[in-house]
Each structure stands twice: as structure tokens, then as C-alpha cells.
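Letter by letter, the chains look like this.
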Amino acid sequence: MRSAEPGCGGVPVVSAQGLVVTRGGHIVLDDLTFSLARGKVTGLLGPSGCGKTTLMRVLVGVQAITAGQLTVLGLPAGHPRLRARLGYATQGPAVYTDLTLGENLNYFGTVLGLRGRRLAEAAAATTARLDLGGLDKRLVGTFSGGQLARAGLAVALLSSPELLILDEPTVGLDPVLRRDLWALFHGLAAGGTSLLVSSHVMDEAARCDNLVFMREGRFLAEAPPAEILKQTGTSDLESAFLALATLAPRAVRR
Amino acid sequence: MPQGFSPVLAGATARRVLTQLRHDPRTIAMMVAVPTVMMILLRYVLSNPLLLNRIGPEYIGVFPFVIMFIVAAITTQRERATGTMERLMAMPLGKLDLLAGYGIAFGLMACVQVTLVLVVSLTWLGLTLPGSAVPMAAVAVLDAILGMACGLFASAFARTEFQAVQFMPAFVLPQALLCGLVVPRDHMTAVLRWLSDILPLSYAVDAMQRITAAASWTSAISADIAVILAFTIAALVGGALTLRRRTS
Numbered sequence: 001m002r003s004a005e006p007g008c009g010g011v012p013v014v015s016a017q018g019l020v021v022t023r024g025g026h027i028v029l030d031d032l033t034f035s036l037a038r039g040k041v042t043g044l045l046g047p048s049g050c051g052k053t054t055l056m057r058v059l060v061g062v063q064a065i066t067a068g069q070l071t072v073l074g075l076p077a078g079h080p081r082l083r084a085r086l087g088y089a090t091q092g093p094a095v096y097t098d099l100t101l102g103e104n105l106n107y108f109g110t111v112l113g114l115r116g117r118r119l120a121e122a123a124a125a126t127t128a129r130l131d132l133g134g135l136d137k138r139l140v141g142t143f144s145g146g147q148l149a150r151a152g153l154a155v156a157l158l159s160s161p162e163l164l165i166l167d168e169p170t171v172g173l174d175p176v177l178r179r180d181l182w183a184l185f186h187g188l189a190a191g192g193t194s195l196l197v198s199s200h201v202m203d204e205a206a207r208c209d210n211l212v213f214m215r216e217g218r219f220l221a222e223a224p225p226a227e228i229l230k231q232t233g234t235s236d237l238e239s240a241f242l243a244l245a246t247l248a249p250r251a252v253r254r
Numbered sequence: 001m002p003q004g005f006s007p008v009l010a011g012a013t014a015r016r017v018l019t020q021l022r023h024d025p026r027t028i029a030m031m032v033a034v035p036t037v038m039m040i041l042l043r044y045v046l047s048n049p050l051l052l053n054r055i056g057p058e059y060i061g062v063f064p065f066v067i068m069f070i071v072a073a074i075t076t077q078r079e080r081a082t083g084t085m086e087r088l089m090a091m092p093l094g095k096l097d098l099l100a101g102y103g104i105a106f107g108l109m110a111c112v113q114v115t116l117v118l119v120v121s122l123t124w125l126g127l128t129l130p131g132s133a134v135p136m137a138a139v140a141v142l143d144a145i146l147g148m149a150c151g152l153f154a155s156a157f158a159r160t161e162f163q164a165v166q167f168m169p170a171f172v173l174p175q176a177l178l179c180g181l182v183v184p185r186d187h188m189t190a191v192l193r194w195l196s197d198i199l200p201l202s203y204a205v206d207a208m209q210r211i212t213a214a215a216s217w218t219s220a221i222s223a224d225i226a227v228i229l230a231f232t233i234a235a236l237v238g239g240a241l242t243l244r245r246r247t248s
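Taken in order, these protein sequences are the chains called A and B.
Under this note's numbering, the first residue of the first sequence is numbered 1, with each subsequent residue one higher.
Under this note's numbering, the first residue of the second sequence is numbered 1, with each subsequent residue one higher.
Mixed in with the good hints, there may be bad ones.
Label-pair distances were calculated between CB atoms; the ranges are [claimed, not checked]:
id: 1; chain 1: A; residue 1: L75; chain 2: B; residue 2: V182; range: 56 to 64 Å
id: 2; chain 1: B; residue 1: F162; chain 2: A; residue 2: L173; range: 29 to 37 Å
id: 3; chain 1: A; residue 1: A245; chain 2: B; residue 2: G4; range: 41 to 49 Å
id: 4; chain 1: A; residue 1: R117; chain 2: B; residue 2: T123; range: 44 to 52 Å
id: 5; chain 1: A; residue 1: T33; chain 2: B; residue 2: F5; range: 32 to 40 Å
id: 6; chain 1: B; residue 1: F162; chain 2: A; residue 2: V176; range: 36 to 44 Å
The set of hints was computed from the structure by calculation and includes no laboratory data.
Nothing here was measured: the structure is a model prediction, and the numbers come from that model.
Cβ atoms here follow ideal geometry from the backbone N, Cα and C, with glycine treated the same way.
Looking at chain B on its own, in the form it has when it is part of the complex:
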């Protein structure tokens, strides 16, 4: 049961997480650069600007999700393993303060990550959009935050850091196959289509497809974003419920 919420403690936690990252430039470099490097690779693997226009945005929605998932899962698993989590749970820190602190810190990292991948894609790689880049940036950041929330939740089921790493392929790869990235969701059999409907990444890819298809905002994009937000909140609530102050 969450005991209240303190913006000061959430802010202090976010600052602490960001300071940890600041002392680890290699991790920052990987978090920020990997989606961009993947886009550059994608551009030259496709070697066709038109194909990049169709597929690129979907990947922009998926890469930040994957990276934030693994970073969040391992960071929280490490808090549990080193005893800092137990120490915090014995202190006057609310579970929501901790989760919000992580959300703010990784959300800011996601903004940097998405800004870089979009700037590089829209300039150097020649990606063109029918409308503004803002909706795409917003969806990509939300996907990153969704990935973080899922990572926090998944880490509750990992006993070791090794398991936390394994969760990434176990949780992410099936979604990557089913989300419409490889085969359009309309072409899937009923069972697979149904499976893809209950997985959050499908809505991220749907939203990106709609954004590249139309010059203006549509209600379908809003609906996709609502689903992404709902999954994010569900994962955060799941994270709060599995974060036990008292073990039995």
C-alpha cells in the first residue's frame, strides 16, 4: 500500500539516479547513442530512403522501449541485491516516491535519447514526415517510459541480475515479433493477432504508423497513446505492489 507521495523525495530520488548515471558516462553514452546508431544502421541496411520513411518511425518507437526496459530492470535489481532497497524501505521513503523518482530520471534520459535519434534521422538520414516531428517525439518518449515501467515491474520477478538480463529477450523479443514490425498485424492469424492486441508495443508501432500516414493528429493516435499510458500506469502500479516494504 503506498503511503502518500512527497515531491521532494521523488525529486531527490530522480537526482540520485541521474547522479549515478553521471558517474557512469559509458552507460549514458550507450543509453543515448544506441537508438541513433541502430537507425543509422537501418538506413544503410535498407539503402532506400523511401523504405526508411515507412519502417524507420516504427523502429524509433521500439528502440527506446527496449533500452529503457533493460536499464530499469537492472538498476532496480541492483538496488535489491546491494541492500539499498531494504535500507530505503526501512526509511521514511514512500514507494511512490521511489517509482516516481525513477520515472522522472529515466523519462529525462528518454527525452535526450529520442531528441538525438530524431534529429539525426530527420537531417542526416533523410527521414521525412508528413507533419511536425512533435507527435513522433512524444510517442517515442512515452514508449521509453513504458519500457522503464515494464522493466521496473519485471525486475520484481528477477532473483538475480542474470535473470534480469534474461527478461529483456524473454519479454521484449516476442513483442517485437508480434507488434507489426516484422509482419503487419492485419496479416497475422487470429490467435497471433489477438496476442498482439494485448501487448503494449503493438500500440506504439500502430501510433507511429498513423503518425507517418497522416499530416495531422487523428483520434486514432490519441487512442493509441491512451493505451500506451494505461499500460505504463498498470506496470507502475504492478511495480508498487510487488515492491514489498515488509517481506513475509
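For reference, chain A alone in the conformation it holds in the complex:
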């Protein structure tokens, strides 16, 4: 858990070589080479607009790659066979607010290949896991902010994916719910699921097994939190990020 090598848990779930993504002539991801460890919670931290969402969209195969290579679960990113093996939660809840929670899970579960009893069991297990029990028959549009965020996560968790890509899943939620969600993420990782969780809130960084610090389409650091603190000689991750952010231009120039 404290190894400095992200790929130490065997074959990495994700590996990228010189990944470049441009959108509208603008470089969003700039020559990224990295890997993600299996069964770990990796935090993707960085300011808004640094490329976190684009990186996640590339991983789930809805954003085209400009250059470089990206392998996800042993297949090139965007491969049709990956679609049922990945769980993806976008920044918004991305559920149908004019359907009940049960109807949402039914539809998305069917799309993910679950049928009959397996679908019912998966839906029941997911609602219980996210503490949404009893809300099955309620329209998602009537949910509170926290319930809505969990409904969005429920869809991502529904098919017990091997890799979960969660885009800012805890932003704007109350501290108790955030703590519970992080406990859930670590529980999933303990069960063998790999997670990539993005956030622009630095105090969430300490909750991750591994960290990726990102700024302007580049990685500033990729290591466990303790390792980053040691290398930067700082006592908290926010200072570490600032130290790395001011160092980075020099490193690039070298």
C-alpha cells in the first residue's frame, strides 16, 4: 500500500505512453506516461480546467486520443469490450430525473447486460451500499443533492466494474457523506476494484492510496501521499502541490 511504484499490484489496470489529447487545436493532455495500480484508490488532483475530466473521458472511451497509447484492462482505450467492465460517473449525476431510482437502475442495468434476477440483485445491493434503500419508487428529480449524487454513483457501481472512474464524486457534499463515500471507495478497492477518483479539493488527497497531481495537462507528481510529502519536504499536501507547481516549469525546461 505504501509502495512508490504505482504498478506494484501486478499488471497495471491502466497504462499510458506519451498520451496526447488536443481539443480545438488546444493541448489538453500533454504527453502523459503513467500507470494505475490494481485494487487501489488513485486520486486525480488538480485545479479546475487542468485536464482531469478529459483524462477520465479518454479512459472510458468517449474522447478520442490525438497521439500516444492508452491501455485499459489490457485493451486499447475505447474498445467495445471494455464498456461493460468500466464504471463511469460524470461530474453531474447523469441520471434521468423524470424516472424513479428503480427505473433508472433497471434501464442502465439492462444496457450493462444484467437481466432478470441478476439485475434485481445488483440493483438491491447497489442501493443498499449507497444507503439509498427505500428510495426505489421515488422520482430522482425529487432527491436531495446528496441523494442525487449517490444515485449517479449507483449507476456506475451497478455492474460491479473492475475499474471505476469517478469524476469529482464528492464535490459539494456534506462531510459525513464524503467520509462515508471514501469508506465505500476503500471497501471496493479492498475487494479488488481499481478506482480513479478526481477532485479539486486538496483535503481529499490524503484519503487516496496513490496520488496524481495534475496541472495544465501535465502530471506534477505520481506517488503515494507520504512519498509526495517526503520528496517535497512539506507537511501537508496543499503545500506539496504548490511546491511542485512552482517547480514544474523548471523541470519542463530541463
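Chain A is fixed; fit chain B onto it per the hints.
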């Protein structure tokens, strides 16, 4: 590029769209009732049953087209805006599954819509037809599905829901002027006639005129229906092509 087709997923999508509508009775009421209300208005504005017999059927072909266009354009635009489209595109759902699902759901709604407008027109409003009402119902449903397909396609060019609404007048009103509803197409100047020839609604109105003119099916009606179907397929293919799984 469409990746295969799954009847189960198309069916699940159709059921999902219909369930969304079921939770929104006001939208159902408007979808189903508006063409009928328009026909009732038309009947009393004309205040002449003979005139209704001549003009009414053309409107029966146009109203469902207009309503399905706007409903389909906004529904898909909303899928894009709320992120559900992106979520589905990251899942094992084929683009054809999604389009077919919408087609089935809105097609069923169109059947209800057209049945009501025909029943009310043929009974209360006193519309009389030379032959059976079936050809007219078939053409009206096909027009509705054409409207849906055009709406799906148009929504790809709308960045916001506001724009999607604007597409309705921008796309539909010129067709309504040129399709023969206001002025017969034979009386138009060459350029306008040529324009009306390449617009799908013209064939809907042509088909309705032929159906009211003859007691039996003619090959010209079949030809009009073939053109309507061709436009529908073209719009659906256009919709599939503009539905990008991967953005660049």
C-alpha cells in the same frame, strides 16, 4: 459507425422513454391532444364542412410531424445536456439501439395521436373520406415518425435546449409554407417549386391530397410514401452519424 443492433436494448430504451413520458402526464396530454385541438379549431375557423374535407387531411399530415419534431429534438438535446448520453455512450449500447428505441417509443405515441385526431375528425367534425381511413392513418403516422427522425437529427446541431426549440420554426415553418398547405405547389414559381420538391413535408401533403381524391390506393400514393420513408431513413442515418461515441 454503428456497432450491431440489439432488439433487447432497443426495447429497453423504448420502454425507458415511454416511462419518462408516463411520469409527465402534461407532456403526454399535449402530444396526444394538440393535433386534435388544432383540427377542431380548423373545423370552426373554416365553418364549412366541404372546405374541411379538402384542407383537413393535409393538416392531419402536418400537425403530428411538427409536434414529434419538437419533442424528439428537445428530448435528445436534454440527454446530451444532462450527461446521460455520454454515460450511455460509455456503456455497451449501440447507437442504433438508442435511435430505434426512440423510434419505437415516439412511433407508438404517434399512433395514439393520429388515432385520436382521426376519430374526432371522422365523427364529431364530420370529415368524410372517399375510401377507408387506414391509408390516411398510415401516412399520418409515417409523417410523425419522419418528424421524430428530423428532430433527432436537428438536435445534433443544437448546443442548448433554447436552440433546439428555435429549430422548430426554422426547420418547420419554411416547409409548412412550401409544402402546398398555403398555396398549391403547381402555382409556385419554378424556384419555389424546386425547393418544395426537396422538402419532405411536401410529399406528406401530396399523399394526403391523393388519398382524399381517390377511393382506392394508387401507385402515386405508394411513391409519396416511399419518399417519406427515404427521408426518414436518411434523417435516422444522419442522426446516427452525428451521434458521436468519441468526441475529438
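Evaluation of the provided hints:
1. L75/A to V182/B: 56 to 64 Å: holds, 57 Å
2. F162/B to L173/A: 29 to 37 Å: Since F162/B and L173/A have Cβ atoms about 30 Å apart, the given range 29 to 37 Å holds.
3. A245/A to G4/B: 41 to 49 Å: Given a distance of about 46 Å, which is inside 41 to 49 Å, the answer is holds.
4. R117/A to T123/B: 44 to 52 Å: For T123/B against R117/A, whose Cβ atoms are near 48 Å apart, the range 44 to 52 Å holds.
5. T33/A to F5/B: 32 to 40 Å: Holds, at about 39 Å.
6. F162/B to V176/A: 36 to 44 Å: 38 Å Cβ-Cβ, so the 36 to 44 Å window holds.
Checked against the numbered hints given earlier, the structure satisfies every one of them.
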